[in-house]
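My request is simple: use the sequences and hints to build the entire structure.
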Amino acid sequence: MTETLRILYVDDEADIRSIVEFALEDEEGLTLELCTSGREAVAKAPALHPDLILLDVMMPGMDGPTTLQRLRAHAELAATPVVFVTAKVQPQEIAHFKTIGALDVIAKPFDPMVLASQIRALWRRYRDG
Amino acid sequence: MQKPDFPADEAQRVQALRALEVLDTLPEERYDRLTRIARQMFKTSITLVSLVDAERQWFKSRQGLDATETPRDISFCGHAILENRVFHIPDATEDPRFADNPLVAGAPHIRLYAGAPLSTADGYRVGTLCIIDSQPRRLTTEELQALRDLADCVEMELQQAHIHQATDTLRHWEHYLHTVLNTVIDGVITIDERGIIQSFNRAAERIFGYATPEVIGKNVNMLMPEPYHSEHDGYLARYQATGEARVIGTGREVVGRRKDGSTFPMDLAVGTAMLEDVPLFTGVVRDLSERQQAKQQLDETNRLRQAILDSANVCIISTDTEGVIQIFNKAAQRMLGYTEEEVVGKATPALIHDPGEVAARAKALSKELECLIEPGFEVFVAKSRRGQADENEWIYIRKDGSRFPVLLTVTVLRDPHGAITGFLGIGSDITERKKMERMKSEFVSTVSHELRTPLTSIRGALGLILGKASAGLSPKARQLLETANRNSERLTLLINDILDLEKIESGRLEFTFKPLDLAMLARQALAANEGYAQQHAVRLRLNEEAPHAPVWGDENRLLQVFANLLSNAIKYSPKGGEVVVSVQPVDTASFRVSVKDTGRGIPATFRDQIFGRFAQVDSSDTREKGGTGLGLSITKAIVERHDGRIDYHSREAVGTEFYFELPAWREAIKSPHLDPEWPRVLICEDNSDVASILAALLEQQGLACDIATTAAAAWSLLAKTPYRALLLDLTLPDGDGLMLIRQLREDEAARDMSIIVLSGYAEEGRGAWSGDALTVVDWLRKPVDREQLTQALRQALRRGRFPRILHVEDDPDMIQIARALIEETAEYVFATSLCEARQRIRTEHFDLVILDITLPDGSGLSLLDEIGGDCQVMLFSGLESNSELSQQIAAVLVKSKTSNERLLATIKQLIYSR
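Chains as they are written, first to last, in the working numbering: chain A, 6 to 134; chain B, 33 to 946.
You may find that some hints are simply not true.
Stated by the list, open to error - Stretch-level coverage of chain A by chain B, calculated; a stretch enters the list once three of its residues show a Cβ under 8 Å from a Cβ in chain B:
{"no.": "1", "segment": "8-21"}
{"no.": "2", "segment": "24-34"}
{"no.": "3", "segment": "84-96"}
{"no.": "4", "segment": "111-123"}
Think of the hints as simulated: they come from the structure by calculation, not from any bench.
Each residue gets a CB set at the ideal place from its N, CA and C atoms; glycine is no exception.
Printed below as a string of structure tokens:
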């Protein structure tokens, strides 16, 4: 029995949330929680104890980087790996996300059929490294 | 035979004869007719006009004799000129003076001789009119008188010789003057004091249209229109009365009147002279019609030029060769806020430019033109001076400090001989264009990001259906969904490419350059594209001819180039085909990467478009092969940003080979200057552009520079060559510069080498490093200031013979005095606080520290423990000395009691005693 990986996905786009939901629904060992804004994520995350947080970058109200910063303020989330899921994937943008504390970036549009594998690989990298 | 005696006044006589200027001239009728008459009268065989010169007698006229002269000592005339009366020898054979004379004994057998002396007006007897015959004969008194009378006639002719010559000369000069007057292009007219025309040359005839006889004797005012016509007599009258000459002199522009009544502008110069007490005026006239026409045309051109300058809506600024502004048109005044008076002849374009931008451009130009361009006026004109087109975007700064972008075109101005006389800059305001460009680029960027959001959903949904829920779909529906999915993927790629292209175009695509190995990148790229190749059943093979191919590049962008060329090659290869990638050196200066497929090839007609946008040979390619048609365009832009080039060879139905070449990145460049007189400096700097600019700068100052771009290369150069100084960048690709310094200081040979550190963060570096007792000459912040660098190098090169002194002192006046005093003797460095002094002592080497005791942050004495044993210490403060002080202190001086001389002497003693 493998451990269960708790994922929190934060995106203001309902369609993309559904795609992620569909893409991950039958995956063994993955559970998914969804938030529709940075604010909601900051409020709910401490209670959800996610293993990995996936964050959209461009969200109204509170954008991804700000959300990341707020999440880090919670002691229990201070070390939780955060991955940005974004269309902003120019090399210097990716480099910037990493310097502000992101583990990595998943480029939008992503391939839903390999999303689960991507997440697991990132998780393993984080756990092992 | 008796030779004739010389008269008492012989010398003056000969002089008087020669002054007549008759000797050795041609025969003249006026003498010949007299000798003919004499011969007829006296029936003698010979008659002569004989002139007795110093050594000879010369015959001006002769009848019955061929000889033109005979020696004076056998002459009869030599005797004849001794007396005034006619010298008469009736029979020479009976006269003992002449009996044995060769002219008597031989031809012409002289028997009779009678010679009447010829005198000049001054009374010198210069010759004779003589008659000679071979029969003896005694002349009657009447005959002798007749001979005398004839001689008088000859005398008269002789005395008139001068007058004849003068007349000839006069005639010659008259002719000469006439010729000159009639050949000059200016009209020359002379008038007398009443204004009556005396002469009128040919040019005057041409200018005024009169023939000379029509004007001679008439009043010169006929050549002038009103009001000059009437005024002219007044001028002359005034001149006669007062001597005041209104028109005398040169350069007066007046109006003349031709015979046909027409008038014309002329230049009139009038001179006056007194001719036998009568004034004569000479007027020189020059027709100015043509010149005035030319001037009118020029004025018209100038007015047109001014109108263009004034109405142009672009800044037009011209300068002289030194850069001083000469033209500053209305638009420039309006756009920049300066008036013409403020800048023309006073300012240079530096006034309206950002020095930072000029410096950056100087750097770029230095690289492009491969010679050092100083940040100054030369930056604007360097290219046009070399005959290259120069169009660049610049920022102009208005008088009020605000800025706007311009597109500036610079042209060189030349004189008719091709020498540069100045420069012309035309700058158009491109604020709007820039705004549009920015809007466009923002628009593209926003749209691309906005497109990706729905695309994420579409692609996600399609992917999920095809991946998870396709079991119940009809084949037809499945095929349609696959089409939709493939196209959503294509759309994604297209958006990425458009974004890239937009960034490349707007210059916003950032590149991070560092030394890279192309061979390694090729291996990486092959691994990354292996999956794609397998999908197309194509093999990838690396043909590695250069195991190491160092270049200066951006890793991600070069991988993008590889990916693009590989995916094209794979897509267009037949199933089972092979794509071969090779990396090879082209020459010592560059490497070539080629990607070769065995596809269908590219039609020759497509060559022009292949690197253009949306370029695919066949629009059906898009559907069949995928791809956006932007890849090669992006690839080319990336290669070119690496100072490289890209091209291809292709044969239809055989295959295509795309290749790109990048300049080799060299770890070390040896200076070509081998002259041992040139001090050699090593520049260790990983950015080869910066390094070569530094090298150019230093070589101008007589230093030979080698370049190392890695610490390893620096080491190997240092091992082989003795350097006077090292310019060291702290961030090197294979280790930091501090490490290199530590290693150097441990090395026996290099321990004392002067090091100048170049760093983007000089101050921070200096602080972080204060723990090390390693010395460097200077820390310079990048970008390096030329002046500072020169200064630092000068210090570095004189180290070893020039001691260094640190003066710890907080009184600025004292520092000034000490500096002035010491500068010639040693390198003077000061610190105004303990803290600063401490920093310096830790990081730099000094031979002597001069300490003030009372400092703002404590006692100078607290530094004693930190000063090394090899450094002398001298106290120089306002306090009386305490003899109990440390042994370390070599001298103590009190400010109020120490003269400048004593201070310097003590310092010298300390530094030289070491």
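Comparing the hints with the structure gives:
| no. | hint | verdict |
| --- | --- | --- |
| 1 | 8-21 | holds (count 3) |
| 2 | 24-34 | holds (count 5) |
| 3 | 84-96 | holds (count 4) |
| 4 | 111-123 | holds (count 6) |
When held up to the earlier numbered hints, the structure conflicts with none and fits them all.
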